[in-house]
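Each protein sequence line maps, in turn, to chains B and Y.
The first sequence runs 0 to 493 under numbering that gives the first Met the number 0.
The second sequence runs 0 to 344 under numbering that gives the first Met the number 0.
Quick caveat, the hints were computed from the structure, so don't treat them as lab data.
It is possible that some hints are incorrect.
[Unchecked claim] Cut-off 20 angstroms, straight-line C-alpha distance, at most; resulting in silico cross-link-like pairs (SDA-like, lysine to any residue):
hint, chain 1, residue 1, chain 2, residue 2
1, Y, K261, B, Y330
2, Y, K235, Y, K92
3, Y, K261, B, A328
4, Y, K261, B, A118
5, Y, K261, Y, A317
6, Y, K261, B, R381
7, Y, K235, Y, E280
8, Y, K315, Y, F259
9, Y, K60, Y, F136
10, Y, K261, B, A117
11, Y, K92, Y, D24
12, Y, K261, B, R327
13, Y, K315, Y, R253
14, Y, K92, Y, F136
15, Y, K261, B, R329
16, Y, K261, B, T311
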Amino acid sequence: MVSPHDADSGDSAETTARGSTDSDRSSAGGGDDPRTATAASNRFGDAATGSDHGVPDFVAARRHVLTELLWLATVLRRNGVSVPTTGPLEAARTLSVVGLSEQSRVDAALRATLVTEAADRDAFDDAFPQFWHRLRTGLERIATAHGRDRTTGTDDADGDPADAGSGREEEPQLLPEAETPSTVDGQDGPGPAPQVRIATDRRRATGDRPDAEESSARRYSPVGGSRLVDAELDRLSSGERASIHRFVDALATIPGRRRRPASSGAAVDARRALRASLATGGAPLELPAREPTPTELRCCVLVDVSGSVLDTIDRSVLLHFAEHVQRRARYARVFLFDTDLVDATAEFERSGGNPAAALRDARVEWGGGTKIGAALETLRRRHPDAVDRRTVVVVVSDGLDVGEPELLEDGITWLADRADSIVWLNPLATSPAFEPSSRGMAASVPYVDALFGFVGPEDLAAAARQIERRGLDGPVGYEYDRRRRERTGATADD
Amino acid sequence: MTGSDPTAPASLSEDDLRERFERRDYVADAATVTTVSLALQLERPLLVEGPPGSGKTELGKVLAAAFDTELIRLQCYEGLTAENALYEWNYTKQLLAIQANEGTVAGGDGPTATADVDSADRAEASEEPGTVFDEEFLLERPLLRALRPGTDRPPVLLIDEIDRADEEFEAFLLEVLSDFQVSIPELGTVTASHPPIVILTSNRTRGLSDALKRRCLYLYVEPPSFETEYEIVRRKVPELDAVVAAEVCAIVERFREEAFLKQPGVAETLDWARAVARLRESNSADAESADAGGESSAAASISAGEIERTIGCLLKEAEDVDRVDTELLEQLRDAAAAARDRLED
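Required output: the full structure, derived from the provided sequences and hints.
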């Protein structure tokens with residue numbers, strides 16, 4: 000993690016320390032790109048040690064760093080991290096000490112200031128890479144754009160000192176990374192390039208979806224041909240993973256009744272309030288709060304792997320969801336069903352980050368028709384231990400059942416009776432026109448605690464949001480999805 | 000503060016810090032070093048969280064040793080009040096002083112009920128009014144001592160398990176930590192000439208207030224990786240054979256994968272390593288006196304019996320100990336065997 004350059008930077012004077020850091024860094028970066036590193040070390044190594052040549056646009060760089068810091072804080076807050084109000088300010092201060100050249104040090108500095116809860120570290124882990132990418136890209140842009148200006152004005156790194164900004168001395172710590180790719184100059188053409196490149200999503204272009212001809216020819220038959228799990232899964236982006244984590248965390252709040260003391264909140268901790276009132280002669284002057292403890296999660300995931308579901312749903316997200324449940328929950332079972340029910344718990348357990356491969360190795364097939372009733376019957380008979388009264392059952396299915404309706408009704412009542420709650424994720428329910436009118440869905444809906452749409456990770460995040468806000472007993476479900484209303488509104492306007 | 004002093008904590012580079020840690024056999028990862036260094040440079044309190052036994056308290060001790068300064072430790076507990084933590088008047092001594100003065104002036108028959116009145120009279124009469132509220136009668140408690148160190152080196156103030164203290168105390172602490180000064184009504188305001196290096200540790204038995212968290216830099220001490228833990232064991236338990244140390248770490252690593260009620264921390268690993276080392280020492284002594292037993296050579300791997308006999312060092316819950324069955328022991332042995340290969344890599 001720690002690069003060898005630190006050995007030189009023993010200076011107490013900050014500017015000098017930064018300078019040696021950056022120049023060292025650029026020479027160390029020679030392995031990555033020897034062409035640019037030499038030029039860069041000339042340009043910025045000199046500038047940083049206090050001479051007046053080739054200084055990048057510090058004002059723009061500074062603004063960029065601060066903007067990105069605020070962006071990171073916003074993203075973290077959106078993902079439920081309690082970033083202190085002064086967090087970004089503190090973060091900026093720490094950055095002025097550690098500099099921007101080393102990812103690990105920036106990571107440690109921002110983590111120390113923006114994160115204040117052990118539970119929030121995951122969210123930071125998820126958000127940081129994108130922040131780092133944005134920061135680096137932006138700084139490189141600024142340095143490059145400036146370098147171009149400079150080369151048109153002066154001819155050499157040792158040229159005119161006139162363009163050394165007077166404000167430079169104030170912000171030596173915001174010196175951008177030295178390894179500016181000078182080759183970009185030629186590609187980008189003239190003009191400033193303030194656009195920050197953002198990591199692009201690169202999924203779904205791969206084997207996630209069946210290709211066009213296959214899907215057009217596809218039939219959703221009750222006995223539809225099963226095949227081996229064929230999805231080549233890509234890595235999920237941090238945002239997508241955060242959505243999955245958030246949903247599973249929301250599930251974990253469902254069975255919890257335990258509460259722990261909180262620093263603020265609406266729920267009063269009566270016991271502590273009474274105890275505190277002793278000191279004030281029995282008058283409860285302060286009302287300590289408490290909040291639900293995120294409890295152990297016992298979960299049973301029933302995934303409909305019929306062709307109709309697989310073609311609509313984002314398979315990567317689905318498998319990662321199942322895998323994450325498996326990892327996060329105290330006790331979890333994962334079953335795949337189409338016309339038959341398969342216990343895939345062990346495969347997900349062993350998957351090691353690649354559930355698709357694990358399923359393939361286990362020769363689990365998917366893609367047949369749907370017989371939910373029969374699947375539940377099998378679950379009841381063969382795996383009665385999978386569901387108990389503390390278990391949250393998550394059913395992923397479109398409810399297009401081709402089995403016998405009586406069997407389904409029997410199964411779902413049994414399940415509702417036995418489980419703590421049933422959360423149903425239906426890929427069709429993302430459509431604004433969705434109503435649970437199909438035979439299977441209509442039979443199941445009365446026994447389901449919440450029915451959400453689920454095609455991609457954003458649906459999981461929306462569902463998690465509802466559960467967090469209102470609990471499973473509140474008004475939650477696809478019909479309360481804000482996006483649904485927006486979509487219906489949009490279609491009505493058209 | 001002596002700004003030019005190269006040993007001043009605030010002007011210490013990360014490498015110096017790492018070197019000082021190493022000299023005290025404290026193995027820290029890069030993120031820890033960076034964060035601690037930041038806290039020193041910015042003169043911010045550092046809030047350290049992590050699983051029990053991960054070396055949070057040790058960090059404070061090592062810092063004090065590294066800067067060759069005093070370690071002032073404030074162990075928090077429920078019901079801890081500002082008086083316990085800051086200062087107290089030595090009532091007994093005050094009373095004695097009053098009575099002593101009274102005795103010399105008013106004679107030996109003064110009833111205690113009039114002692115206050117008499118002392119007030121005395122105080123008026125003497126040249127130094129109110130002398131019982133003097134330095135002499137002040138009992139310094141950890142926080143005040145941290146603000147008034149005897150030397151010109153900033154002390155290390157270790158506020159341990161802050162989550163156990165009441166919220167009122169936390170609020171009080173905020174005031175001290177933000178300005179590094181306290182006011183004693185009878186004496187005046189005490190301001191720290193050398194702000195102490197403040198380390199707070201928490202085990203998360205309750206959430207800390209946002210105000211406190213906002214003032215601190217936050218560090219979460221991760222459970223160590225195999226390599227880190229091996230390094231720690233090697234440094235702290237040098238008498239244990241290198242291969243056995245690797246096995247110990249591998250077994251602990253495997254233990255942590257189990258869902259135990261109380262996960263073994265680094266402290267437990269060290270205890271266990273010491274126990275194993277001691278056990279082997281005495282065994283080999285026995286073997287030498289009895290017979291040159293071939294099996295108890297120095298680098299013999301840990302046997303299932305050894306694990307079972309010393310399991311108390313690692314697992315502190317009866318339920319956890321019960322869960323260690325032959326199957327798990329077998330897996331532990333596998334992990335230990337794999338450790339030898341990992342060591343060679």
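Keeping to a limit of 20 angstroms between CA atoms, is the pair of K261(Y) and R329(B) held or broken?
Answer holds: K261(Y) to R329(B) is near 15 angstroms, not above 20 angstroms.
With the threshold set at 20 angstroms, check whether the alpha-carbon distance from K235(Y) to E280(Y) stays at or below it.
Distance of about 17 angstroms is within 20 angstroms: holds.
Against the 20 angstroms threshold, does the CA-CA distance of K235(Y) and K92(Y) hold or violate the hint?
violated (45 angstroms)
Check whether the Cα positions of K315(Y) and R253(Y) lie no farther apart than 20 angstroms.
Status holds; Cα separation ~17 angstroms.
Below or equal to 20 angstroms on CA atoms is what counts here, so check K92(Y) against D24(Y).
Violated. K92(Y) to D24(Y) sits at ~44 angstroms, over the 20 angstroms cutoff.
Would you mind confirming whether the straight-line C-alpha gap from K261(Y) to A317(Y) stays at or under 20 angstroms?
holds (10 angstroms)
Verify the proposed pairing of K261(Y) with R381(B), using a straight-line Cα cut of 20 angstroms.
violated (34 angstroms)
If you draw a straight line from the CA of K261(Y) to the CA of Y330(B), is it 20 angstroms or shorter?
The given pair, whose Cα atoms are some 18 angstroms apart, holds under the 20 angstroms limit.
If you draw a straight line from the CA of K261(Y) to the CA of A117(B), is it 20 angstroms or shorter?
holds (18 angstroms)
For the pair supplied as a hint, K261(Y) and A328(B), confirm whether the alpha-carbon distance does not exceed 20 angstroms.
holds (18 angstroms)
Taking 20 angstroms as the top limit, are the C-alpha atoms of K92(Y) and F136(Y) close enough?
holds (7 angstroms)
Within a Cα-Cα threshold of 20 angstroms, do K261(Y) and T311(B) meet the stated pairing?
violated (44 angstroms)
Going down the numbered hints, you'll see the structure goes against 2, 6, 9, 11 and 16, while the others check out.
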